[in-house]
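So the sequences go chain by chain: Z and E. Per the numbering used here, residue 1306 is the first one in the first sequence, and the count goes up by one each step. Per the numbering used here, residue 1306 is the first one in the second sequence, and the count goes up by one each step.
Just so you know, these hints were derived from the structure itself, not from any lab. Mixed in with the good hints there might be a few duds.
If several chains are the same, the list does not tell them apart, and a pair holds so long as it fits within one copy or across any two.
Here are the computed lysine to any residue pairs in the SDA-like style, where the Cα-Cα straight-line distance is at most 20 Å [stated by the list, open to error]:
| # | residue 1 | residue 2 |
| --- | --- | --- |
| 1 | K1771 | R1678 |
| 2 | K1660 | P1725 |
| 3 | K1660 | I1692 |
| 4 | K1660 | E1523 |
| 5 | K1660 | S1702 |
| 6 | K1660 | E1726 |
| 7 | K1776 | A1330 |
| 8 | K1771 | A1747 |
| 9 | K1660 | D1342 |
| 10 | K1660 | G1742 |
| 11 | K1771 | G1544 |
| 12 | K1776 | P1649 |
| 13 | K1771 | Y1598 |
| 14 | K1771 | R1395 |
| 15 | K1771 | A1330 |
| 16 | K1776 | D1329 |
| 17 | K1776 | G1588 |
2 protein chains.
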Amino acid sequence: MTDPFVVVGGDAAGMSAASKAKRDAPGGEVVVLERSDWVSYGACGLPYYVRGEIADVEDLVVLEPRAVIEDRGIDLRRHHEAVAVDREARTVTVDADDGRYEQPYGELLLATGGRATLPDVPGTDLEGVFSIRSLAAGRALKNYIAPHDVRPARGVEGAGGDELRAHLDEADPDAVGIVGANKIGIELAEAFVGRGLDVHVFDAGPRVLPAFGSDVAETIEEHLRDGGITLHLGTTVEGFRGRDGRVEAVETAVEPVAVDAVVADVGVEPNVEIAAGAGIERGPTGAIATDEYGRTNDPNVYAAGDCAEKRHLLTGEPIHWPFALAANRAGRAVGRTVSGSPTPVGGVVGTQVMKVLDLQVARTGVVDHEEARTAGFDPVSALITTITRAHYYPGWSRMVVHATADADTGRLIGANMVAPEGTAHRINAVATAITAGMTVEAVGSLDFGYAPPFGPVWDPVLGVAKVLDEKLR
Amino acid sequence: MTDPFVVVGGDAAGMSAASKAKRDAPGGEVVVLERSDWVSYGACGLPYYVRGEIADVEDLVVLEPRAVIEDRGIDLRRHHEAVAVDREARTVTVDADDGRYEQPYGELLLATGGRATLPDVPGTDLEGVFSIRSLAAGRALKNYIAPHDVRPARGVEGAGGDELRAHLDEADPDAVGIVGANKIGIELAEAFVGRGLDVHVFDAGPRVLPAFGSDVAETIEEHLRDGGITLHLGTTVEGFRGRDGRVEAVETAVEPVAVDAVVADVGVEPNVEIAAGAGIERGPTGAIATDEYGRTNDPNVYAAGDCAEKRHLLTGEPIHWPFALAANRAGRAVGRTVSGSPTPVGGVVGTQVMKVLDLQVARTGVVDHEEARTAGFDPVSALITTITRAHYYPGWSRMVVHATADADTGRLIGANMVAPEGTAHRINAVATAITAGMTVEAVGSLDFGYAPPFGPVWDPVLGVAKVLDEKLR
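Work the whole structure out from these sequences, hints included.
Set out below in structure tokens:
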């Protein structure tokens, strides 16, 4: 590394790569170009910040910028936006407050992240229509929905903050609409209900959280409704109606629903503009294609995090998987690779966990039969209802566990589960078994821990594996 | 099965075998000989019963005897005690209330369980010295320690109950001694503290819960002391001193400690008398030796549960593993095997979890270096201190995770962890990885779930695997 290792984007993947490269090769120069005020921000915490459980948005930041610069020796340049890459000259064009410059690189990591996909309907430009993918946007949203008397006095800093400031001290909403019954949508619904708002969730599909499996969706929907959230499922959002430039209703094919604010994140799309401009290839998902080391079609250019594809270990196919662990891991691997120890970025098996009010919801692998068949499996599923503690131990709850096996090989290929306790970490054992290629017979024979406060003698994972094993005989 | 499948002992292993055999081969005759009043009792719940969290000891019973008989078609004979086996004649000698008889068998399962090992010191026969391996003993103990005004009026039924009745309505203890800082001892210490008693735990060893790893013991000991439990570690119990036939002190090499009751279960030993009398071989642990299908040296005689050995999958050695899941699994496998589908009883990797006041304590695999070297491993360990939720999510606690790898192969071979939340189910992912033979590099690359309420981005299991991986490079 005579020319520096240059990282575009200072969030999970970028800062993991920079830190690892600096640690493994302290003599090398590492430059991080971050267009905003923040680095290593935990965007996964934004719903909890919006709810008010986390007092200050700065609390989400994993590393203080100064600590990064001083302790790690990384040349961190905030408010420096990479706008183009010249692969022949090996330079990045950077816009900074004091002008534009060309930054040479030896190796380059594109960790440009993702952004909210807004629905392609009229009214997304109205005041009160938000997305929640940056800290600045999160703070603006929190302030917008806060009652006036508890609204923080400080303004919004960082990228996009100035435009959003105008929203503050304007509204005092009663009803909020959320477009998309996906993970971020449901987490926000919980946050809004926690603040006493009237919450409406819209989704064109028939079920909430389709990624978590239709077999447990009913349990989740009942819980959301009991929690005071209004679900508009099978309902296409046709636009947002405004008055004086501010949102006042969500328009649907059925009837308009009056709201004072909307979060309209229907998905996450990768930020690939710089890559595309430089001739870096994208894969079938639209995100940047990479090899197992995170390398793009240019061997000196890597991509990691929400802008890049990952490989699904079960299907073998590329997948866009915009989640924190995958980004951290890929960044760390690239940091190691550029320091001389080639390290695979690792694949995913699709593990996700989330809190839904008082439920823990978890999934891993391939749970949908159509998806399983497309991947070449012959799916067989089982659903069991069990309990979260020994039957005699006070405080047990019902747990619903669904699992899928491949009838050809007997392998466990997916599971999803819902309960007030005990699914968020249990799913990791299933993820491990899937990664190891275990059959349901082998999973049913695993030596799991048992104590009355933590589960039944036959752990739910073993229980569902036993049932699948009987089915396959 | 022209002659019946006869099961000696109606707890976890025996009832699992009987139920499975009856379900898989409904035409076959299944006889269960149980010397007590109860079947399928959850002895693991006794500490919680003693504490008072479970109102009635009958709540611990998994199956009501009548339901067993009527719904499953099993010939369950309570108060029938098997006293001898004639392998040539294929009969069991049974003592029942109305006399002795010879019961023919086609195949026989010895599921005779285990019993408390009492220390070989003077005074174990004093009134107020208890063990806690049967429901009757548990009830007697609970009544003994109960204040008079809340003592239940009903008596003790079942084996051993009559002798113990004499203890009731006699004592109103203030201080209780527990011999052995093992799992049952610590669970009982918690139960007694929960009832407002002054609790003294004695152990000759330097640490509590040695099976759970010395590296986390300090955390547990601090928590126990904060919880009001007095630990007498490195303290050999030399006997129990009585007055008028009732225990009044625990005698140690240091000084006597005044107590009103003692639980003296220093371990569990297998009930092998019937087996030994019939020439059934025992293994190096003293429990009944079996092959992978639970068969003894007589192909028509099986053994399962606390009276039989299991195989440790990592060390390859026989182990006495008197825990509920292993007993249930082995019983079920034998039930299947005698019904015509030979099924291995499965090995263990040593997974244990327990609640210690407000801590979850978990272990799996081989965590002790001496034990690892004996098994042919070259152990390398790492200890990390991490947190149970994202750093910005309210309510996180400290988690201590210790893990051991084999330097020769890079395989993960053991882990132990302690925290107020999130270890009881996390350990199962480690157990799965160990069973699959994964290296620490592979474990560090696993795709685990992440959400701020449930852990840091790098799950503690991944975190400790990463550190071990770096150590091994």
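Status of D1342 relative to K1660 across identical chains (alpha carbons, at most 20 Å): Cα proximity of K1660 and D1342: none, with 29 Å in one copy and 44 Å across.
Copy assignment of K1771 with R1678, given that the CA separation must stay at most 20 Å: neither (23 Å within a copy, 35 Å between copies)
Same-copy or cross-copy closeness of K1776 to A1330 [CA-CA at most 20 Å]: between (54 Å within a copy, 17 Å between copies)
Same-copy or cross-copy closeness of K1771 to R1395 [CA-CA at most 20 Å]: neither (57 Å within a copy, 33 Å between copies)
Within, between, both or neither, where K1660 and G1742 count as close if Cα-Cα is 20 Å or less: This pair counts as neither: shortest intra-copy Cα distance 28 Å, inter-copy 32 Å.
Within, between, both or neither: K1776, D1329 at alpha-carbon 20 Å: between (50 Å within a copy, 14 Å between copies)
Homomeric proximity label, K1660 with E1523: Cα distance no greater than 20 Å: within (16 Å within a copy, 32 Å between copies)
Intra- versus inter-copy proximity for A1747 and K1771 (alpha-carbon distance at most 20 Å): Classified as within: same-chain Cα gap 9 Å, cross-chain 26 Å, threshold 20 Å.
Intra- versus inter-subunit Cα pairing at 20 Å for K1771 with Y1598: between (38 Å within a copy, 18 Å between copies)
20 Å Cα threshold - placement of S1702 relative to K1660: Both. Shortest intra-copy (16 Å) and inter-copy (18 Å) distances satisfy the 20 Å Cα cut-off.
Intra/inter-copy verdict for K1776 and P1649 if alpha-carbon distance must be at most 20 Å: between (37 Å within a copy, 18 Å between copies)
Intra- versus inter-copy proximity for G1588 and K1776 (alpha-carbon distance at most 20 Å): neither (38 Å within a copy, 36 Å between copies)
Of the numbered hints listed earlier, those contradicted by the structure are 1, 9, 10, 11, 14, 17.
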